[in-house]
Amino acid sequence: MKEILVRPERCVGCRSCEIACAVEHSQSRDLFKALSEMPQKRLYVEHVPEHSLAVPMLCRHCEDAPCVGVCPTGALTQDSLTGVVRHNRDLCIGCWTCASVCTYGVIGRDRRARAAIKCDRCPDREIPACVAACPTRALIYGEVEEVSGARRAASALKLAQGVAASSR
Amino acid sequence: MERKPATESIDPAATRMLREARRAGLETAWDRFKKQQPQCGFGQLGICCRNCNMGPCRIDPFGEGPDKGVCGATADIIVARNLLRMIAAGAAAHADHARDAIIVFKEAAEGKASSYKIKDEAKLRALAAEYNISSWEERGDAADLANAMLSDFGRQEGYVTLTRRAPEKRRKIWEGLGIIPRGIDREIVECMHRTHMGVDNEPLHILLQGLRTGIADGWGASMIATEVQDILFGTPSPRKSEANLGVLKEDEVNIIVHGHEPILSEMIVEAASDPEMIQLAKSLGAKGINVAGICCTGNEVLMRHGIPVAGNFLQQELAVITGAVDAMVVDVQCIMPSLGGLAACYHTKFISTSPKAEFPGALRMEFSEERAAEIAREIVRTAVENYRNRDMSRVIIPREKSECMVGFSVEAILNALGGTPQPLIDAIVNGSIKGIAAVVGCNNPKVPHDHGHVNLVRELIRNNVLVVTTGCNAIACAKAGLLRPAAAKEAGDGLRGVCESLGIPPVLHMGSCVDISRILVVAAAIANRLGVDMSDLPVAGAAPEWMSEKAVSIGAYVVASGVFTVLGTVPPVLGSPVVTRILTKDLGDAVGATFAVEPDPFKAARLITDHIESKRKALGLKV
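Residue numbers (numbering that gives the first Met the number 0), protein chains in the order written: chain B, 0 to 167; chain H, 0 to 622.
Hints in this document: simulated from the structure, not taken from any laboratory.
You may find that some hints are simply not true.
[As the list claims (entries may be wrong)] Simulated crosslink set (BS3-like; lysine-lysine; CA at most 25 Å straight-line):
1. B:K1 - H:K34
2. H:K33 - B:K32
3. H:K621 - H:K488
4. H:K602 - B:K32
5. H:K621 - B:K32
6. H:K168 - H:K239
7. H:K584 - H:K171
8. H:K33 - H:K445
9. H:K168 - H:K584
10. H:K111 - H:K445
11. H:K602 - H:K584
12. H:K33 - H:K67
13. H:K602 - H:K616
14. B:K32 - H:K67
15. H:K602 - H:K621
16. H:K584 - B:K32
[Stated by the list, open to error] One side of the interface only, derived from the structure: several residues of chain B facing chain H at Cβ under 8 Å:
17. P7
18. V11
19. I18
20. H24
21. Q26
22. L30
23. K40
24. A112
25. A114
26. I116
Cβ coordinates follow ideal geometry from the N, Cα and C atoms, glycine included.
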């Protein structure tokens with residue numbers, strides 16, 4: 000299954016992903032009209048000042064998702080096929096147990112609905128809105144195996160070039 | 000937002016060349032526009048500030064993140080300041096253009112720029128009278144007028160002279176708001192000062208300076224540019240020509256003049272008709288020399304000489320892709336820096352001429368007033384000699400071109416009406432013409448090319464609204480055949496009757512972007528004749544595909560002049576509810592006109608006809 004993978008070294012902190020996420024989760028799905036709706040984003044570009052880096056943080060849809068395990072009402076469930084962790088607002092009582100166990104801190108709070116709010120990986124879209132909006136391709140949407148495979152091949156090439164150079 | 004048809008252009012010539020561009024693997028503005036998607040939401044909403052180095056700062060439009068910049072500026076302050084800077088840049092472009100025209104005029108008057116002659120003596124005298132210069136007999140007096148006009152730029156006392164042309168009631172409103180512009184340069188400088196860190200931080204106060212700067216452009220810089228160019232090059236009068244890429248000729252040397260100033264292009268037109276140059280072209284196998292225009296330089300020579308126009312803003316790259324352009328000669332404004340790389344894929348010489356504007360890949364042949372004719376000849380010679388390098392197998396010229404009637408200066412319109420605006424006023428009063436809409440402005444790949452322009456104009460004339468046009472809208476209308484007297488049959492019965500009796504098109508080409516000043520003069524004349532303010536008239540403005548900062552300045556002066564204006568692309572202001580409210584509502588109380596934003600040209604036409612109807616009702620005219 001495809002995952003949203005982050006390449007923080009490419010992020011320039013423009014927060015386009017955040018805006019796209021908020022717009023995608025609005026009724027109108029239009030930036031200008033969404034202003035009157037105040038939709039909330041579900042991913043966060045975190046600034047890491049120690050390293051002058053911006054890192055987009057979003058739900059990893061962990062395969063052994065702690066939030067799903069601790070949810071007392073069954074509001075959080077995991078799709079056995081896609082691995083997507085879904086949130087059912089009607090069942091959510093806003094106890095924040097999920098937020099307290101989330102390793103990444105990416106479960107947000109919808110104050111109006113008095114419920115948790117999290118990445119749903121844009122079920123209506125082929126490519127999640129944040130990924131589509133990223134101008135530097137810091138966010139990619141692909142199979143872990145493929146992405147890792149490509150990265151492995153690139154690293155192998157660098158390694159091989161090093162070996163070749165030192166043996167010359 | 001609603002995206003109309005999925006096409007990139009409604010113009011078959013443009014579509015044909017785009018197909019060729021794709022086939023040849025060449026990149027155009029449309030491709031680059033796609034690569035820019037998604038465009039930054041902060042920028043689109045106008046809520047990023049880069050005015051000092053504590054930033055860049057951004058406001059979270061959804062209210063979760065920062066609601067203030069480092070200095071404490073809110074979204075309202077940031078949006079207002081950014082808009083003011085756009086107005087300043089737009090007004091600066093027109094001001095610089097006007098100043099250059101005056102300098103040529105001055106040097107011509109002093110006998111230093113001998114290539115130029117006074118072509119409209121009557122206008123010279125009339126303008127001298129407006130500037131309180133009583134005698135013009137001597138050459139030195141024309142120089143006095145030039146100096147008087149130049150002093151409007153750095154004026155330290157009083158107000159920009161030609162603002163006196165505005166109706167009395169309008170000037171009273173400006174006076175009440177404290178927005179009669181002082182010096183032209185002063186207002187632009189003050190915009191930059193006010194938007195410097197820690198100066199002006201109240202949105203309405205900032206926007207009023209925007210209106211003042213706009214007025215300095217419309218009733219100052221642009222108006223001066225129009226008048227001086229008429230004096231030097233002749234006031235346009237109706238003539239026929241042709242428009243679209245089909246005006247390029249397979250068997251002639253093609254020279255395109257592109258940009259905004261007629262100062263050099265006038266000389267190029269002259270040099271290209273020099274028998275010696277034509278002979279040279281023939282000796283190299285061409286049948287002659289064909290000069291064609293793009294953008295407002297194109298409009299200037301179209302209006303004055305009937306030089307055909309090859310296209311509007313988004314067609315500049317496509318012209319090169321025809322492979323038939325031997326020289327693309329540019330001056331200033333709206334020239335894509337991509338032209339250099341594109342010209343390098345063909346034999347085309349990309350020649351830049353302005354001391355202000357350098358482009359990668361351009362051959363520099365810098366213009367100077369003193370040697371104008373000589374430089375123009377060098378440029379034409381370069382183009383002619385380059386004809387030999389043209390690869391005929393790569394030449395693809397679309398067939399499309401349309402006839403057009405152009406040249407409707409204020410004087411020409413009055414002439415057509417028999418010397419006074421009365422017949423036009425009568426037609427408005429009796430309802431055969433419901434009102435007048437000024438439809439102007441650029442192209443923008445956010446809108447399918449010409450879709451906004453042509454559909455809005457068609458819809459308006461169908462509803463008996465007389466359309467006056469300038470700039471890239473005028474070229475879009477020319478290509479669509481709307482500038483032919485025969486287009487009257489596309490108009491509603493009332494407008495059709497008026498056009499047919501006068502032998503004019505239902506869409507009147509009034510010139511280049513600086514010539515929107517002509518539209519102000521017409522509107523002021525009608526208002527004065529009726530004894531009302533400009534905001535009382537059944538008139539409206541529209542810029543369906545605008546993109547440039549000049550358009551923002553134009554919008555500011557059109558609204559400040561009391562004319563309701565519909566924009567077809569969204570300006571970067573929606574991040575501030577306060578600024579949005581001021582522009583679309585509060586300005587109505589202050590200056591009697593507001594902005595509206597409507598990307599759909601059919602809905603925009605409705606906004607305009609409704610507005611015109613409400614103004615007719617208020618004046619007690621038949622609806």
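Here's how the hints hold up against the structure:
1. For the given pair, K1 of chain B sits about 24 Å from K34 of chain H by alpha-carbon distance, which is consistent with the 25 Å threshold.
2. For the hint linking K33 of chain H to K32 of chain B, the alpha-carbon distance of about 22 Å falls within 25 Å, and the restraint holds.
3. Restraint check for K621 of chain H and K488 of chain H: the C-alpha separation of about 23 Å stays at or below 25 Å, so the hint holds.
4. For the given pair, K602 of chain H sits about 18 Å from K32 of chain B by alpha-carbon distance, which is consistent with the 25 Å threshold.
5. In summary, the hint linking K621 of chain H to K32 of chain B is not supported, as the alpha carbons are separated by about 37 Å, beyond the 25 Å threshold.
6. Using a Cα cut-off of 25 Å, the hinted pair K168 of chain H and K239 of chain H is violated, with the two alpha carbons roughly 38 Å apart.
7. Between K584 of chain H and K171 of chain H the CA atoms are separated by roughly 21 Å; this keeps the pair inside 25 Å, and the hint holds.
8. Annotation: proposed proximity of K33 of chain H to K445 of chain H holds, straight-line Cα distance about 10 Å (limit 25 Å).
9. Taken as a hint, the K168 of chain H and K584 of chain H pair is honoured in the structure, with Cα atoms around 21 Å apart against an allowance of 25 Å.
10. A threshold of 25 Å between alpha carbons decides the hint, and for K111 of chain H with K445 of chain H the separation of about 46 Å lies outside it, so the pair is violated.
11. For the proposed pair K602 of chain H and K584 of chain H, the alpha carbon gap of about 19 Å is at most 25 Å, so the pair holds.
12. The suggested pairing of K33 of chain H with K67 of chain H is violated, with an alpha-carbon distance near 32 Å, which exceeds 25 Å.
13. For the suggested pair K602 of chain H and K616 of chain H, the alpha carbons sit about 21 Å apart, so the restraint of at most 25 Å is met.
14. For the hint linking K32 of chain B to K67 of chain H, the alpha-carbon distance of about 22 Å falls within 25 Å, and the restraint holds.
15. Between K602 of chain H and K621 of chain H the CA atoms are separated by roughly 23 Å; this keeps the pair inside 25 Å, and the hint holds.
16. Distance hint between K584 of chain H and K32 of chain B is fulfilled; the C-alpha atoms sit about 18 Å from each other, no more than 25 Å.
17. Interface restraint check for P7 of chain B: the shortest CB-CB distance to chain H comes to about 19 Å, outside 8 Å, so the restraint is violated.
18. Look at V11 of chain B: its Cβ only gets to about 11 Å from chain H, farther than 8 Å, so that hint breaks.
19. Hint status for I18 of chain B: holds, given a least beta-carbon distance of 4 Å to chain H, under 8 Å.
20. The interface hint given for H24 of chain B is broken, as the beta carbon of that residue sits about 10 Å from the closest beta carbon of chain H, more than 8 Å.
21. Proximity of Q26 of chain B to chain H is violated relative to the hint, the smallest CB-CB distance being about 13 Å (cut-off 8 Å).
22. For L30 of chain B, the suggested interface contact is upheld, since its CB lies about 6 Å from the closest CB of chain H, less than 8 Å.
23. A least Cβ separation of about 7 Å between K40 of chain B and chain H falls short of the 8 Å threshold, and the interface hint therefore holds.
24. With a least beta-carbon distance of about 15 Å to chain H, the hint placing A112 of chain B at the interface is violated under the 8 Å criterion.
25. Of the supplied interface hints, the one on A114 of chain B is violated, with its beta-carbon coming no nearer than about 16 Å to a beta-carbon of chain H, more than 8 Å.
26. Hint status for I116 of chain B: violated, given a least beta-carbon distance of 11 Å to chain H, over 8 Å.
Hints 5, 6, 10, 12, 17, 18, 20, 21, 24, 25 and 26 from the list above are not met by this structure, while the remaining hints are.
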